[in-house]
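Peer 1: Construct the complete structure from the given sequences, taking the supplied hints into account.
Here the protein sequences line up with chains Z and V, keeping their order.
So for the first sequence, our numbering puts the first residue at 1174; every next one is plus one.
So for the second sequence, our numbering puts the first residue at 1038; every next one is plus one.
I should point out that these hints are in silico values taken from the structure, not numbers from a laboratory.
Some clues are possibly wrong.
Heads up, simulated DSBU-like pairs for lysine-lysine below, C-alpha to C-alpha not over 35 Å straight-line [stated by the list, open to error]:
#1 V:Lys1109 <-> Z:Lys1189
#2 Z:Lys1578 <-> Z:Lys1669
#3 V:Lys1093 <-> Z:Lys1189
#4 V:Lys1064 <-> V:Lys1075
#5 V:Lys1093 <-> V:Lys1046
#6 V:Lys1046 <-> Z:Lys1578
#7 Z:Lys1209 <-> V:Lys1075
#8 V:Lys1177 <-> Z:Lys1189
#9 V:Lys1057 <-> Z:Lys1209
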Amino acid sequence: MGDKKNIDNFFQEHFKEFNENPPENAWENIQSELDKQDSDNKKIIPMWFKLSGIAASIVFFVTFLVFQLSSDNNTINEVVEAPNNIGKTILIDKNKQEAEVNTNISFKEITGSDLESSKTKEFSVASTSNTTPNNNGVSKSVLKKYNTNLNQVSKNKLEENSSIYKNVAIENNSANVAENNEAKEKNNKVNKVLPGDNLMKEKVIHEQLLVNEEIDNNKKTSDYLLVKSEENRSKEAQKVLVDRAKNTESEITPLNNQQEEESVVAMSNLSKTDKSLTGELTNKIVNKNNHIGNIKKDSLELVVENTSVKRDNEVIEEEKVEEDLPVEKTIEEAIAEQETEDEKEENNSEIVEFRKWNISPNIAPVYYNSLASGSPIDGDLAANKKKGQFTTSYGISVGYALNKKISVRAGINKLEVGYDTEGVALYLSNETTGVKGLKNVTMSSPTSSMSIASATTYSASQIPESFSLLFDSSLNQRLGYIEVPVELSYKLSDKKFKVDVIAGMSSFFLNKNEIYSENNSVVTYIGEANNLNNTVYSTNIGFGFEYNISKGVNFNFEPMFKYQLNAFSNDSGNFKPYILGLYTGFSYKF
Amino acid sequence: MSLEQLIIKCKKNDRAAQGKLYRMFAKQLYSLCLKYSKNYAEAQDNLQDAFITIFKKIGQYKGKGSFEGWMKRIVINTALQRYRKSSNLDVIKDDNVIEEVVEVDADLVSLDFLLHIVQQLPDKYRLVFSLYVLDQYSHKEIAELLNISVGTSKSNLSRARSILKEKIQEHQFIKKQTP
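Peer 2: Structure, rendered in structure tokens:
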């Protein structure tokens, strides 16, 4: 007979050695699920590639535009000075000059073969033999034209041999031009094909904008191709993902039906399965009993069968009650799963809806000034009053909404900024007084004998009377930049009237560097600053106000503050330039 | 290869190492699953899901505590996950828990039979019984795991015991009646 045992101990004893082998196919199922998850993980990566691809394509698109724009700068009216008449200004319409000049340069129709033949030969520009001041402008435009042609040729050339970057630099040997127009020397430097990648002369390097352009363009082309292929790839990946999503969606419904059907079948077959279960159990008991050998096999089987049949009805009743709950549960679970799937679908479709590109052309009045006193032109002028200039900026930006709140954008703007230094004394120097030039300004040759000083520090007695003294002049520094902003905007309010906070940075590429003196409205070009960085970075912060006009069209108003970090390479005299702009425009979403 | 090396390889998603680890622990963990599931098919599902979770989260195992214990927790959690959503089946506010004593003839009761009756217990009873009796969890731990009160855990255990006792007694009675 049995012993009295605590039921917990009884179970613990029996289950101590409990070890049962799992079904054979369990590992196969695990393996296939792991494989599936691995491939899913791999498919997620291209989504990031896609995002970075988008960012990269925006940047490349924008830089491409930068160089396109900067090469189109030839049509700006130039102020050219008469060498011996300070204060007399002559405006030359370069377009007109170009028309005249075309005849001069027609002999220089440049072809690819010309370029090849000129590998070792230095070009000299014929029209630069002219010495009259007016012709400075002419020669400049000639050379610019010449540059453009040559650029075009070398571009073609580079397209043919894209693997080789050819630095092309031809120096203008004309002494007249060099003397008369040192400031514009870089325009006289034309590309020249060299066998290697090295630049011909050291001094050319810092002004190799054109060459850099070529290299950048080339890099851009190859990078653009890379980005393009990357984009294609990610597109494919996305397509696969979408297909997968569709498949799972279509799988869900049959699954539910199947589950329901199964549960119905299960209910109807319940009695059958239970019988077989009890049958199995009784068989096992039979075997055990046989082993013991206490009872006769035949009779036992009969009896056990009978009792189990009796029990069957009870068991079935019980099973039904128990099975009912799980069946309901699975249906509920399936509905819950379906709901979560639907939610996911909705979210996805929302994301798709918000993944919108927008393009917004804009124009802005901009104000340029310094946060601190100081003068980037000369330390002596640090204390002088500075007056910021209102100018305009115009450009275009392309944005991409990452989600409902955050969007990235990049763009390209052209802007000219300037400020005036007031209270400056100008006078002509002679041998006795010496030339008092400006520290950070490379004077153009006609004004090289002019002395400039702060009127507050110089007294009239220090200057010989015989010279015309122009007190109360001002120095106007005019800078032109191509700006490439890359910014992130975060939506604070998303109604018909939207408010964003915008932060980012800009790269400014210098394309104009001029300093004028101004006295009684007479403007004289005196030279260019030699302490400007060609590439300047700024940190940007501002607000965006967006008013929805119609579907896909918004009116934008964005007050932005941009603080330039490295406008001047040295001796900026604590001049900390900032740009304040009220960017206004329309944006089109697509 | 030591278990440590195997774990390192599994962390690198080495399929062969994962297979080896599976074979090493499958039997033990499948037995664990059986105690928490209502049938063999569900136990297999739980085992598969648990191993997938183990391989996915093996990077989170930093070598603190036994690896076996870590895997067991995942297996039990996977099994419990199935029932967490459902509401409490029975909330019995009867704290009068009595020690169930059963007169047993060891020869008449097999392990298969015991497993069968455990699996047939209503879900919450089965989970509480397996956790408390077979895997030595405290009522407090069970209450946290199943999101129920300690009182409910105790009463569920008590109900489970009495059901099991009845079934064993019934089973023995039938056995004894058959000469």
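Peer 1: Tell me if the straight-line CA distance from Z:Lys1578 to Z:Lys1669 falls inside 35 Å.
Peer 2: Roughly 15 Å between the alpha carbons, so the hint for Z:Lys1578 and Z:Lys1669 holds.
Peer 1: Would the pair V:Lys1057 and Z:Lys1209 pass a check requiring their Cα atoms to be no farther apart than 35 Å?
Peer 2: holds, 20 Å
Peer 1: Within 35 Å, alpha carbon to alpha carbon, are V:Lys1093 and V:Lys1046?
Peer 2: Given that 35 Å is the threshold and the Cα spacing comes to 13 Å, the pair holds.
Peer 1: Run the distance test for Z:Lys1209 versus V:Lys1075: straight-line Cα separation, threshold 35 Å.
Peer 2: holds, 28 Å
Peer 1: Hinted pair, alpha-carbon criterion (35 Å max): V:Lys1177, Z:Lys1189. Please report holds or violated.
Peer 2: holds, 24 Å
Peer 1: Taking only the CA atoms, is the gap from V:Lys1093 to Z:Lys1189 under or equal to 35 Å?
Peer 2: Distance ~30 Å between V:Lys1093 and Z:Lys1189 Cα, so the pair holds.
Peer 1: With a cut-off of 35 Å on the C-alpha distance, tell me whether V:Lys1109 and Z:Lys1189 pass.
Peer 2: Roughly 15 Å between the alpha carbons, so the hint for V:Lys1109 and Z:Lys1189 holds.
Peer 1: Below or equal to 35 Å on CA atoms is what counts here, so check V:Lys1064 against V:Lys1075.
Peer 2: holds, 18 Å
Peer 1: Sort out whether Z:Lys1578 lies within 35 Å of V:Lys1046, counting only the CA atoms.
Peer 2: violated, 42 Å
Checked against the numbered hints listed earlier, the structure breaks hint 6 alone; every other hint is satisfied.
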